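Residue numbers (the numbering used here), protein chains in the order written: chain A, 15 to 361; chain B, 15 to 361.
Honestly, the hints are just simulated from the structure, not real lab data. Please read all numbers here as calculations on a predicted model, not as lab measurements. It is possible that some hints are incorrect.
Identical copies carry no separate label here, and so any pair may be met within one copy or between two of them.
Dumping the calculated SDA-like pairs for lysine to any residue here, alpha-carbon to alpha-carbon at most 25 angstroms [to be verified]: (1) 125 to 217; (2) 333 to 59; (3) 333 to 115; (4) 125 to 21; (5) 88 to 210; (6) 333 to 26; (7) 88 to 168; (8) 88 to 60; (9) 125 to 236; (10) 125 to 239; (11) 333 to 228; (12) 333 to 77; (13) 333 to 121; (14) 88 to 124; (15) 88 to 58; (16) 333 to 24; (17) 88 to 62; (18) 125 to 224; (19) 125 to 76; (20) 88 to 169; (21) 125 to 355; (22) 333 to 184; (23) 125 to 175; (24) 333 to 193.
There are 2 protein chains.
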Amino acid sequence: MPEIRQDPISGRWVIIAGNRAGRPEEFRRAPVSRVEISCPFCRGHEDQSPPSLAWYGPDRGSPERWEVRVVPNKYPALTGPAPGESHSPWHGESRHSVNDRDSAIEAALFKTLPGLGRHEVVIESPAHVASFSELSDDQAFWTFCAYRDRLLAHRGDPCAVSPMVFKNFGPEAGASLVHAHSQILFLPQGPQTLVEEIDGAERFRQRHGECVFCAMTAREAELGVRMVARNERFVAFCPFASQFAYETWILPRGHNSRFEEATDAELQDAALLLRQVIRRLETVLDQPAYNYFLHTTPFDRQANDHYHWHIEIFPRVSKAAGFEWSTGWRLNAVPPERAAEFLSRVY
Amino acid sequence: MPEIRQDPISGRWVIIAGNRAGRPEEFRRAPVSRVEISCPFCRGHEDQSPPSLAWYGPDRGSPERWEVRVVPNKYPALTGPAPGESHSPWHGESRHSVNDRDSAIEAALFKTLPGLGRHEVVIESPAHVASFSELSDDQAFWTFCAYRDRLLAHRGDPCAVSPMVFKNFGPEAGASLVHAHSQILFLPQGPQTLVEEIDGAERFRQRHGECVFCAMTAREAELGVRMVARNERFVAFCPFASQFAYETWILPRGHNSRFEEATDAELQDAALLLRQVIRRLETVLDQPAYNYFLHTTPFDRQANDHYHWHIEIFPRVSKAAGFEWSTGWRLNAVPPERAAEFLSRVY
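Throw the hints in and build the complete structure from the sequences for me.
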């Protein structure tokens with residue numbers, strides 16, 4: 015099982031997944047093969063991945079005609095407990111006993127937790143397409159249905175308190191397989207970045223009496239200078255303090271803090287607007303690598319009136335270098351107004 | 015002048031350096047030229063960079079025989095104020111007037127500050143070498159002297175409250191020029207990552223009555239399992255909660271919170287141990303790209319007994335993907351004990 019370690023200074027969590035890599039040779043630069051001999055995600059190769067946790071297609075009686083399917087990750091970053099192991103790792107303390115000053119320091123310096131969680135993969139098409147932009151209307155919609163249904167399936171699971179849905183597309187974005195897929199990682203607690211975001215939104219609400227996402231969405235739609243696209247229930251814009259060049263957010267117009275409570279109509283609108291935004295990015299930036307993330311309220315927090323679930327899309331066109339890693343600041347060479355100008359014009 | 019924007023939700027700062035990039039074509043993948051026609055950092059090409067701010071060499075009377083020199087960055091992320099502009103941007107508020115509820119929300123959503131700061135480049139050799147590992151003893155030492163002297167030169171400058179010294183080596187680490195160089199960026203306030211680190215160290219001191227860096231250094235030297243190398247005044251080890259594969263820290267054995275107060279003997283030991291660690295990484299990982307960072311107390315904070323200045327080295331052998339960006343968690347496939355085993359064995 016992977017081990018979760020905490021940095022004693024910053025409090026940052028690290029998953030040490032020692033099972034995933036061996037000798038240093040594995041990190042050496044290898045000639046990249048463009049041809050995959052046999053793709054485990056293509057229809058007909060279902061025996062190369064674990065059995066489906068869920069599947070979607072035109073005919074509920076014909077599982078072999080799946081269009082979108084969900085499988086456990088074969089190389090999970092986090093896993094469920096072994097038989098007999100505790101299900102609630104986060105209520106315990108570190109494994110070190112704390113009897114005196116020295117052992118208290120020892121415990122603080124070397125804090126670990128078992129790497130409990132869930133890690134699933136959503137295969138977004140039976141054909142060997144790569145980008146989310148290539149999906150059919152149905153496949154895009156079913157992919158979003160899969161996200162919602164897997165979140166609902168794990169609600170109440172103590173190893174799966176905070177769901178993170180994300181996509182890595184292209185090697186620069188960390189993808190290791192070409193076939194269109196995304197990942198759902200369920201963490202045993204809300205990660206720092208998300209918790210800070212939700213807490214920041216709560217502070218904004220307390221100070222200004224309004225949800226920051228609603229305020230932002232309304233102002234951006236009104237101003238227009240950072241707008242990329244919109245449909246009935248969603249808007250897409252480049253945020254004012256974009257961290258990365260051409261960063262784009264997709265936000266629901268109506269207030270909803272929990273993604274898993276979205277209606278079919280909302281999922282449809284979100285999926286199609288996401289596909290459209292990615293197509294725009296691919297036209298303007300010539301098929302860039304990209305990540306997208308779905309941010310939603312962890313299961314152990316109340317639904318609330320200050321936080322929106324939303325999607326953040328990052329084309330990976332510039333590299334985070336020493337400055338970004340060391341400071342937590344970002345350096346973005348493309349003002350979002352300029353990015354939006356290019357993105358809104360095409361298509 | 016660049017603009018600094020603040021995300022209204024997370025509070026994260028972003029430098030929008032719109033002068034550094036133009037049309038989206040600039041982000042398209044270009045064939046990488048391995049040959050640089052003329053390197054602006056080589057001796058004899060001094061006219062291709064701004065005049066030296068400082069230089070080091072065997073003969074103080076012969077500036078043309080420099081071995082290490084410091085110049086202003088030609089493409090600065092942050093700059094000093096224009097004539098007549100305020101020197102103290104961080105004492106003011108945002109440029110929006112706050113008269114009523116709507117304009118208060120407006121000000122909170124679109125908070126900006128002028129991009130004031132300093133950005134300098136340290137050229138570490140007159141010859142066209144690339145990695146820090148290739149420097150002579152003198153060049154490594156003088157590079158560290160340059161770091162210290164530039165920090166001392168800016169102490170008291172309101173645009174330069176928090177110095178960040180960092181190196182990007184190799185394109186995967188964000189370097190755009192091959193010739194051995196590092197950067198010193200002076201920020202107008204301590205960046206979040208550093209402030210969190212210093213605050214975390216202060217909490218540790220309050221709780222345990224000991225400096226966390228001293229405690230960690232002593233325990234690691236005693237345990238040995240994560241030790242990479244040591245000399246008289248410094249130790250190098252892979253930290254217990256390493257964020258990245260083969261991450262290595264260099265820490266002074268004696269307590270000192272401010273890098274700019276280091277003695278010549280300390281600078282010498284630090285520089286030579288850094289060079290040795292990089293040589294070990296290059297042997298084990300076959301010439302990886304890497305970043306290193308110097309963390310030190312910002313000028314507006316007191317010297318203290320809970321924080322050590324130190325160096326963090328990150329070989330860029332794995333890519334941060336969707337999971338890392340979205341959660342702030344790290345996923346490290348190489349346990350630091352295993353990394354240290356390989357790194358300590360070579361050389």
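Here is how each hint holds up against the structure:
| no. | hint | result |
| --- | --- | --- |
| 1 | 125 to 217 | between (30 angstroms within a copy, 16 angstroms between copies) |
| 2 | 333 to 59 | neither (35 angstroms within a copy, 28 angstroms between copies) |
| 3 | 333 to 115 | neither (44 angstroms within a copy, 39 angstroms between copies) |
| 4 | 125 to 21 | within (8 angstroms within a copy, 32 angstroms between copies) |
| 5 | 88 to 210 | neither (31 angstroms within a copy, 36 angstroms between copies) |
| 6 | 333 to 26 | both (22 angstroms within a copy, 18 angstroms between copies) |
| 7 | 88 to 168 | within (18 angstroms within a copy, 53 angstroms between copies) |
| 8 | 88 to 60 | within (13 angstroms within a copy, 55 angstroms between copies) |
| 9 | 125 to 236 | between (49 angstroms within a copy, 18 angstroms between copies) |
| 10 | 125 to 239 | between (47 angstroms within a copy, 16 angstroms between copies) |
| 11 | 333 to 228 | neither (31 angstroms within a copy, 34 angstroms between copies) |
| 12 | 333 to 77 | neither (42 angstroms within a copy, 36 angstroms between copies) |
| 13 | 333 to 121 | neither (36 angstroms within a copy, 30 angstroms between copies) |
| 14 | 88 to 124 | neither (29 angstroms within a copy, 44 angstroms between copies) |
| 15 | 88 to 58 | within (18 angstroms within a copy, 56 angstroms between copies) |
| 16 | 333 to 24 | both (24 angstroms within a copy, 22 angstroms between copies) |
| 17 | 88 to 62 | within (10 angstroms within a copy, 53 angstroms between copies) |
| 18 | 125 to 224 | between (39 angstroms within a copy, 17 angstroms between copies) |
| 19 | 125 to 76 | neither (49 angstroms within a copy, 54 angstroms between copies) |
| 20 | 88 to 169 | within (22 angstroms within a copy, 53 angstroms between copies) |
| 21 | 125 to 355 | between (48 angstroms within a copy, 21 angstroms between copies) |
| 22 | 333 to 184 | both (14 angstroms within a copy, 12 angstroms between copies) |
| 23 | 125 to 175 | within (21 angstroms within a copy, 33 angstroms between copies) |
| 24 | 333 to 193 | both (24 angstroms within a copy, 19 angstroms between copies) |
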